[in-house]
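Just so you know, the protein sequences line up as chains A and B, in that order. With our numbering applied, the first sequence has no gaps in its numbers, which climb one by one up to 411 at the end. With our numbering applied, the second sequence has no gaps in its numbers, which climb one by one up to 411 at the end.
Any given hint could turn out to be false.
As the list makes no split between identical chains, a pair holds if one copy fits it or if it spans any two.
Said to hold, decoys possible - Below, simulated EDC-like cross-link-like pairs (lysine to aspartate or glutamate); rule was C-alpha separation at most 20 Å, straight line:
#	residue 1	residue 2
1	Lys127	Asp146
2	Lys59	Asp19
3	Lys213	Glu406
4	Lys330	Asp403
5	Lys59	Asp95
It is worth saying that the hints were derived from the structure and are not from the lab.
Number of protein chains: 2
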Amino acid sequence: MARIVQKFGGTSVGDLDRIRNVAQRVKSCVEAGDEVAVVVSAMAGTTNQLVEWAKQVGPMHDAREYDAIVSTGEQVTVGLLSIALQNIGVDARSWLGWQIPLRTDEVHGAARIEEIQADEIIKRLEQGQVAVVAGFQGIAPDGRISTLGRGGSDTSAVALAAAIQADRCDIYTDVDGVYTTDPRIMPKARKLDSITFEEMLEMASAGAKVLQTRSVAMAMRHHVNLQVRSSFTDAPGTLVQNEEKQMEKQKVSGIAYSAEEAKITVVGLPDKPGIAAKIFGVLADLHINVDMIVQSASADLQKTDITFSLARIDLEKAVSDLTNLKDELAFERLVHDNNIAKISVIGTAMRTQSGIAKRMFEVLSEKQINMQVISTSEIKISVLIQADYTELAVRSLHDAFELDKIG
Amino acid sequence: MARIVQKFGGTSVGDLDRIRNVAQRVKSCVEAGDEVAVVVSAMAGTTNQLVEWAKQVGPMHDAREYDAIVSTGEQVTVGLLSIALQNIGVDARSWLGWQIPLRTDEVHGAARIEEIQADEIIKRLEQGQVAVVAGFQGIAPDGRISTLGRGGSDTSAVALAAAIQADRCDIYTDVDGVYTTDPRIMPKARKLDSITFEEMLEMASAGAKVLQTRSVAMAMRHHVNLQVRSSFTDAPGTLVQNEEKQMEKQKVSGIAYSAEEAKITVVGLPDKPGIAAKIFGVLADLHINVDMIVQSASADLQKTDITFSLARIDLEKAVSDLTNLKDELAFERLVHDNNIAKISVIGTAMRTQSGIAKRMFEVLSEKQINMQVISTSEIKISVLIQADYTELAVRSLHDAFELDKIG
Numbered sequence: 005m006a007r008i009v010q011k012f013g014g015t016s017v018g019d020l021d022r023i024r025n026v027a028q029r030v031k032s033c034v035e036a037g038d039e040v041a042v043v044v045s046a047m048a049g050t051t052n053q054l055v056e057w058a059k060q061v062g063p064m065h066d067a068r069e070y071d072a073i074v075s076t077g078e079q080v081t082v083g084l085l086s087i088a089l090q091n092i093g094v095d096a097r098s099w100l101g102w103q104i105p106l107r108t109d110e111v112h113g114a115a116r117i118e119e120i121q122a123d124e125i126i127k128r129l130e131q132g133q134v135a136v137v138a139g140f141q142g143i144a145p146d147g148r149i150s151t152l153g154r155g156g157s158d159t160s161a162v163a164l165a166a167a168i169q170a171d172r173c174d175i176y177t178d179v180d181g182v183y184t185t186d187p188r189i190m191p192k193a194r195k196l197d198s199i200t201f202e203e204m205l206e207m208a209s210a211g212a213k214v215l216q217t218r219s220v221a222m223a224m225r226h227h228v229n230l231q232v233r234s235s236f237t238d239a240p241g242t243l244v245q246n247e248e249k250q251m252e253k254q255k256v257s258g259i260a261y262s263a264e265e266a267k268i269t270v271v272g273l274p275d276k277p278g279i280a281a282k283i284f285g286v287l288a289d290l291h292i293n294v295d296m297i298v299q300s301a302s303a304d305l306q307k308t309d310i311t312f313s314l315a316r317i318d319l320e321k322a323v324s325d326l327t328n329l330k331d332e333l334a335f336e337r338l339v340h341d342n343n344i345a346k347i348s349v350i351g352t353a354m355r356t357q358s359g360i361a362k363r364m365f366e367v368l369s370e371k372q373i374n375m376q377v378i379s380t381s382e383i384k385i386s387v388l389i390q391a392d393y394t395e396l397a398v399r400s401l402h403d404a405f406e407l408d409k410i411g
Numbered sequence: 005m006a007r008i009v010q011k012f013g014g015t016s017v018g019d020l021d022r023i024r025n026v027a028q029r030v031k032s033c034v035e036a037g038d039e040v041a042v043v044v045s046a047m048a049g050t051t052n053q054l055v056e057w058a059k060q061v062g063p064m065h066d067a068r069e070y071d072a073i074v075s076t077g078e079q080v081t082v083g084l085l086s087i088a089l090q091n092i093g094v095d096a097r098s099w100l101g102w103q104i105p106l107r108t109d110e111v112h113g114a115a116r117i118e119e120i121q122a123d124e125i126i127k128r129l130e131q132g133q134v135a136v137v138a139g140f141q142g143i144a145p146d147g148r149i150s151t152l153g154r155g156g157s158d159t160s161a162v163a164l165a166a167a168i169q170a171d172r173c174d175i176y177t178d179v180d181g182v183y184t185t186d187p188r189i190m191p192k193a194r195k196l197d198s199i200t201f202e203e204m205l206e207m208a209s210a211g212a213k214v215l216q217t218r219s220v221a222m223a224m225r226h227h228v229n230l231q232v233r234s235s236f237t238d239a240p241g242t243l244v245q246n247e248e249k250q251m252e253k254q255k256v257s258g259i260a261y262s263a264e265e266a267k268i269t270v271v272g273l274p275d276k277p278g279i280a281a282k283i284f285g286v287l288a289d290l291h292i293n294v295d296m297i298v299q300s301a302s303a304d305l306q307k308t309d310i311t312f313s314l315a316r317i318d319l320e321k322a323v324s325d326l327t328n329l330k331d332e333l334a335f336e337r338l339v340h341d342n343n344i345a346k347i348s349v350i351g352t353a354m355r356t357q358s359g360i361a362k363r364m365f366e367v368l369s370e371k372q373i374n375m376q377v378i379s380t381s382e383i384k385i386s387v388l389i390q391a392d393y394t395e396l397a398v399r400s401l402h403d404a405f406e407l408d409k410i411g
């Protein structure tokens, strides 16, 4: 007997037949004696439709109203799945964010989970009732519905798993696990049986869309055992776990990419303390996530340039806000490029094995791919390149590190 | 300056353009200095889709889950209308049933409003903020979302008007007022400038769909001034008011009909006290509304028959439940007919003028329309007939009472 959180994404609950399939899957677990809490997303397409309406009804945006609108997608799914479960003899009830309550901070549209009061859910799990929990939503300090931002249902699932001290959190999705790279651009990509939290975190933040970064970080912090698996097959998925449990030892675990990046260079800043803090403070206030940052000396020694990457959708706003602060920050000009990709080579084995960076740069150089910015962590090397070279870079690196072979 | 509740139905908020039109209408009121609370339904078609899903996902029905699902329609509309208002410079915020809170009883799917705590809404109205309130929904004693049953948004609007002591409650709809009968089957039908609460109540309960019965009863009880008007034109609508204010004196105000009735006769009941109470007690427990009731002696003097009418959609369930109680109730058999219509002639002037019933029966008799059950109140005469004769009966009575002419 185990206590399990199962999370099903929008494709897995995309129509009534699929919802009934999910119910069957949950039933199998219940019949095996497990306590099950299910976290679901909105039916595929629903959230996009709701977001579209919220945008089209008027250009001025109230994130609190946006949250009231888009949170309805999950509200429908939890009701439907609960009915589907009851109809096959499984005791179940739906839980909306405000009913649990799952409390978040006040940042509507991109809220962070602060607390889950799960006592009532735990009590009912112990009585054999399945909890069907709406992902992606909570209640903000103002008493209104908040949403966690796109993909937030993974985070809901992990947070719930931590709150109810679940033995495992299974993330069901339309792929059957975590791959060495995106199989759509590299047919030789191989499914990994396991991956460490750190690697998964780097994969997710580097653009692998199978899990949301926040959910991996939260799982790591709260020691939640994660499994990524397919909702359409019974094949085992990929376990995300602590490094000491890791059996598979390989130089490099995967090649991740994000083709939706942009880059801004702030040229000719006065070279004095506090300038970088000011720029990134402004961007943080606007909830714009900055990724890679490089500071370099300008030709003029009294001046410096700062280059950073960010999501392409944030570029326009960031440029406009920084331009408004041109006098205050005393920079000369902004240069920006919206056609940037980030390519990352990831693996915990980098800690002990040298030569991976060198090999990566050689491969890209052989293919005439120019690296614009380089950033390294203990288990990852990322470079920014022109987005046009994304597929070529991924395939070349996957071959060079022989990721199609079990290491 | 007045405090006004405006209610817009599903057709009036059927797409984003219409929602923007509603926002303009609200803005005009606000600019005229009025305090405005708006109650909205789901976008036309949405609720039907949600109900369909809830039914199709499995035959077993949990009304609490049903409520969680179908209440999302209004949740989307209040968010969209609030954004539309903000975009034309009107301060507005959405209110869901649980946020107000609008408290109901525990009958999920057909709940009754018990209390509206409107202090916060009143405070904000006085500060100039428009309250955009989700119709049709509340919060039940179990802390879960409840819905008021189909058409419940009218009731929400009237209850809110009473709670905030509004000067007027305007029900915007796709017709421009209350007519002497349904203009779709009687082209000579005439729009009434005013009607009494009592007449409107009889019209509504006799099948005129312009206002929900419960909302009229509630308006009468709480002295809420109602107006039915079109959301597509600026023409004045129909005022629903107390009889003493009524200027227009006419024998008959309108002919109402309901073509979706059914009839059950319980044949051969033991003729002793308590039998009728038992039958209707069973039906009340099932939340099946019984309308007209006639008890008649059977050929066997120790026995009696009871005939009653009910909504056609409830027939199957009522027959099945009564059949299960055949032994307990000791009746001989059930006879039922699902092709029944109710035709009603309505007017407060009946109180003082005789001969209306006689004229009604003559007209139906001339047209060879058989009356199966007759029921009268102080201001209404209703008869059950075969549904096939509905249009003929309505047109003949409208002509006979000269309702196309102002009285």
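Going down the list of hints, with the structure as the test:
1. Taking the closest pair of Cα atoms, Lys127 and Asp146 come within 20 Å of each other only across two copies (16 Å); inside a single copy the shortest separation is 28 Å, beyond that limit.
2. Taking CA atoms no more than 20 Å apart as the test, Lys59 paired with Asp19 passes between copies only; the shortest distance there is 14 Å, against 25 Å inside one copy.
3. In this assembly of identical chains, the alpha carbons of Lys213 and Glu406 never lie at most 20 Å apart, being 22 Å within a copy and 72 Å across copies at closest.
4. For the homomeric pair Lys330 and Asp403, neither the shortest alpha-carbon distance inside one copy (45 Å) nor that between copies (79 Å) is at most 20 Å.
5. In this homomeric assembly, Lys59 and Asp95 come within 20 Å of each other (Cα to Cα) only across copies, at 18 Å, whereas the closest approach inside a single copy is 39 Å.
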